[in-house]
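When you get a sec, could you build the whole thing from the sequences and use the hints?
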Amino acid sequence: MTKHQKRLSVPKSWPVERKTDTFTVKAGAGPHGEDGVPLVVLLRDVLGYVDSRKEARYALSEDAILVNGTAINDEQRPIGMFDIVAFPGREEYYRVFPDEGGRLALTAIDEDAAQSRLGKIEGKQQVPGGQTQLTLHDGTNVLVEDDEYNARDSIVIDNDDKSIVAHFPYEEGALVTAVRGNHGGKIGEIDAIDITPGSGSNTVGVSTDDGGFETIEEYVVVIDENFTGDDE
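To convert a position in the sequence shown, counted from 1, into the working numbering, add 2.
Label pairs and their calculated CB-CB ranges:
1. 194 - 94: 36 to 46 angstroms
2. 60 - 198: 47 to 57 angstroms
3. 215 - 143: 29 to 39 angstroms
Think of the hints as simulated: they come from the structure by calculation, not from any bench.
Here the structure is a predicted model, which is why all the values come from computation and not from measurement.
Where is the CB? At the ideal position from N, CA and C, for every residue including glycine.
Pasting the structure below:
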């Protein structure tokens, strides 16, 4: 199986130039599905910390790079929305956050903010033993005792003990960011949630500083003001 990916066919969320070269690195197996960006692409093409996959492998072998609090040794490991990428030796910490158009970008944060990450609840089901399993946007499963969580809510997970440290319900008045579609990267508050009869997607009206927009609810994620990049 090839380890390369044609640049012209990469997902729109990938932060790469499509016409500079024919190929880029293919993402390995892991979280975020096909939207996940290979770690080496962020290190080489976005941050400029390495010039090649060989240099990326060396840095990873030194446990110099953490993703969500865990040292990574695979340069093809997929990185996606709301992941925390940390360089403790440099004292640099980043959150992967949707930029204009929904393209993934690295937002600088402080060390305290890098201790946890945001996750959107995509699914919820009961499991043997009476617990509830939450499935997040990146494929992570979280077991909880309480039944207060619902699909489309967001939670904040501690990178160390994997506990839930905050819960943001999906509801009118919630702060959200659009992660896909024409309004990707925009942030605002939910004005209204319009339920669509049948199998169609519900729509969401979002008010912003420059007016507002409407999109389908699959394209928005509930966030907190601490997750907008304004951590100062």
